[in-house]
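J.: Below are the chains, spelled out letter by letter.
Number of protein chains: 2
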Amino acid sequence: MKVIDGGVTAPKGFLAASTAAGIKYKDRSDMAMIYSTVPCKAAGTFTTNVVKAAPVLYDKKIVTESKSVQAVVVNAGIANACTGAEGFGYCEDTAKKAAAELNIAEDAVLVASTGVIGMQLPIQKLESGIEVMAKELSDTREAAHQAACAIMTTDTISKEVAVTFEAGGKTVTVGGMCKGSGMIHPNMCTMLGFVMTDAAISKELLQEALSADVCDTYNMISVDGDTSTNDTVLLLANGMAENPEITEKNEDYRKFCEALNYVNTEIAKMMAGDGEGATALFEVKVIGAKSKEEAKILSKSVVCSSLTKAAIYGHDANWGRILCALGYSGVEFDPEKVDLVFESAAGSIQIIKNGIAVDYSEEEATRILSEPAVTAIANMNQGNAEATAWGCDLTYDYVKINADYRS
Amino acid sequence: MKVIDGGVTAPKGFLAASTAAGIKYKDRSDMAMIYSTVPCKAAGTFTTNVVKAAPVLYDKKIVTESKSVQAVVVNAGIANACTGAEGFGYCEDTAKKAAAELNIAEDAVLVASTGVIGMQLPIQKLESGIEVMAKELSDTREAAHQAACAIMTTDTISKEVAVTFEAGGKTVTVGGMCKGSGMIHPNMCTMLGFVMTDAAISKELLQEALSADVCDTYNMISVDGDTSTNDTVLLLANGMAENPEITEKNEDYRKFCEALNYVNTEIAKMMAGDGEGATALFEVKVIGAKSKEEAKILSKSVVCSSLTKAAIYGHDANWGRILCALGYSGVEFDPEKVDLVFESAAGSIQIIKNGIAVDYSEEEATRILSEPAVTAIANMNQGNAEATAWGCDLTYDYVKINADYRS
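Sequences listed follow chains A and B, in order.
For the first sequence, the positions run 1 to 407 when full-length UniProt numbering is used.
For the second sequence, the positions run 1 to 407 when full-length UniProt numbering is used.
Some hints could be false.
Said to hold, decoys possible - Some chain B residues close to chain A (C-beta under 10 Å, calculated; not the full set):
#	residue
1	Lys52
2	Thr83
3	Gly84
4	Leu307
5	Ser344
6	Ile356
In case anyone wonders, no lab produced these hints; they're calculated from the structure.
Yeah, the Cβ is synthetic: ideal placement off N, Cα and C, and Gly gets one too.
Please model the entire structure based on the sequences and the hints provided.
T.: If you want it as structure tokens, here you go:
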């Protein structure tokens, strides 16, 4: 597997475009379109929130029922959530307009929205945006980058990753982009991910690979513990790499999963590190757990702890809060067996041995915790399973971003 | 039932004392003692954290195995958590010293600690403090108030409540104090509650009443979602009211439970409103739920949502975040049936009807949300069960308090 510079246009046959449709922001692009020159198999995973945005309900149906998909239309600014039948109708209108402009079937179009909830989409603006984008689709690196920028809300950086691998003598590419940081005014964190590949792979295995991988990637990050109404990851495969179609769990499938995992992990980490107000990416590795499931619960418990996140902001080696968060995770363990190490680009330091603090240097610990990416490694010493979760620090700016009155 | 001005010395036969033992703070009291002139039945509830502080382990044993209890010794400054066998030994030493000074059995003494975890107690200072307090025990209102002050850490107000009720022609009193706000340096939130009563009641019913009541009171508050290693509620009953002993679930038991519930609810609300950095008490009532269990899960989900808490700090009627938090609670419901009302001393305003915003005034909503205590009432319109949870807003000061480096 090889990491390359690229985004959603890196795989063969994928084009992208973006435009400033004026949905809510001024002086910036706020719509993106991804298009494949040939029909794709589509897989998707969606929010588990009982309150589901209209595009989530719409895409679930398309991914399940459509034979193939060829385009995705995304807008930032308005989430089209809690908008009732009117909001669902706008998903249909968006798909219909894109289908007409691109000369494809209406059920070959997926839609996604992020932004304010409770507001209705200005559908004429979206339709005008679709007209513009359909004419400007391009397979360039720049087109992919502009699309990744157009879907940002409170994100401070655009998020793209691409990799290639070999399958049956052919080069297969997987490229993705996502957005996610928190909400824009007034609302909740929305995480959207779009991963494109030119791999030839059966629809069943495509969905299976995605469903399995999100559990180890997107589902292991947390900015604020608030699960959005709009969370969506879409994975489109158009087969243009011309590798022998992956229809069973062979070596090519394993390589595809590895590439998908890399792309998903990297963009998930970018989201965590770019969490609202964050100054640091906070990685928590739990090793020596009894099972992977327990390791995941333990690592997520630490990464979601407000007290631990505030300590990371303060560059404070506050091991008690980490031990506490492990303790209330719901997983049984012997506290007197736990070891804890902090790690970053500045070095590594052991803090706890057998549940009790060792004689470490607070200054050295603070130096290590002052990097933009820090890792806590907790060894439960009760098995061989491990898992990693990613989050960010809790800062004044998180409160500021989310307390400011809607204007 | 009648609310009276009082704390732990309000019930007959209970005395209190406090002192500045110099455990960690300067120029303030940091130890408290509660003593009953006659033996008490004791009940207790303790943290569910796998990592349990030494006094939690110690008290569990005493509450379960001792025939009677007569004193409680509490210190602030050091939590005696993650301190191994040495820390557990200090619980024994504390009890032994108090027993000698008070001339009671060693297993008639309960201990509690709150503060920094990972540090060992300066046992000589505690022993000196016990000597002083044993001589200064008093049944005055002021002694109870000073004891409530001595157990504070980052608390900004002391927390006491007392009520009386009639049983069998006798006046029974229930009086309590607690501490809880967040942590002191470097560590986690510790919630300690001490409720005294002169009721005559069997040990079994005393524990049953307490265990049932904490589920609706202390367990329904959240400041930051971090369950401490030290959480403890102790309930002592010395029978000096001379009411006919409550040995079955009769009308007197019902009245006792009502009084206990009032005391626990009020001090729990004080803790939530005095959460670290908080500027407002945030109450969430869920009504019209299918079951009480579901109503509790729904209300706690909202009260724990960082996004909602930040919005409350901003006086922002951000209904989308509340609907979102209800949605990810794990309870199934129809979002299109939900109604939402905000309420405070400044008035009441309906925000959502059938899952969609009504045409309300943002200015009026902000006015209502600018009070020091605000309530959100969510009607799920799917049953008759209800529950209330209490929390606070998320503020810059919460981050400041918890990010500041340990000094």
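J.: Determine for every hint whether it applies to the structure shown.
T.: Hints and how they fare:
1. Lys52: holds, 8 Å
2. Thr83: Given a least distance of 8 Å, the restraint on Thr83 (chain B) holds.
3. Gly84: holds, 6 Å
4. Leu307: holds, 5 Å
5. Ser344: violated, 17 Å
6. Ile356: holds, 6 Å
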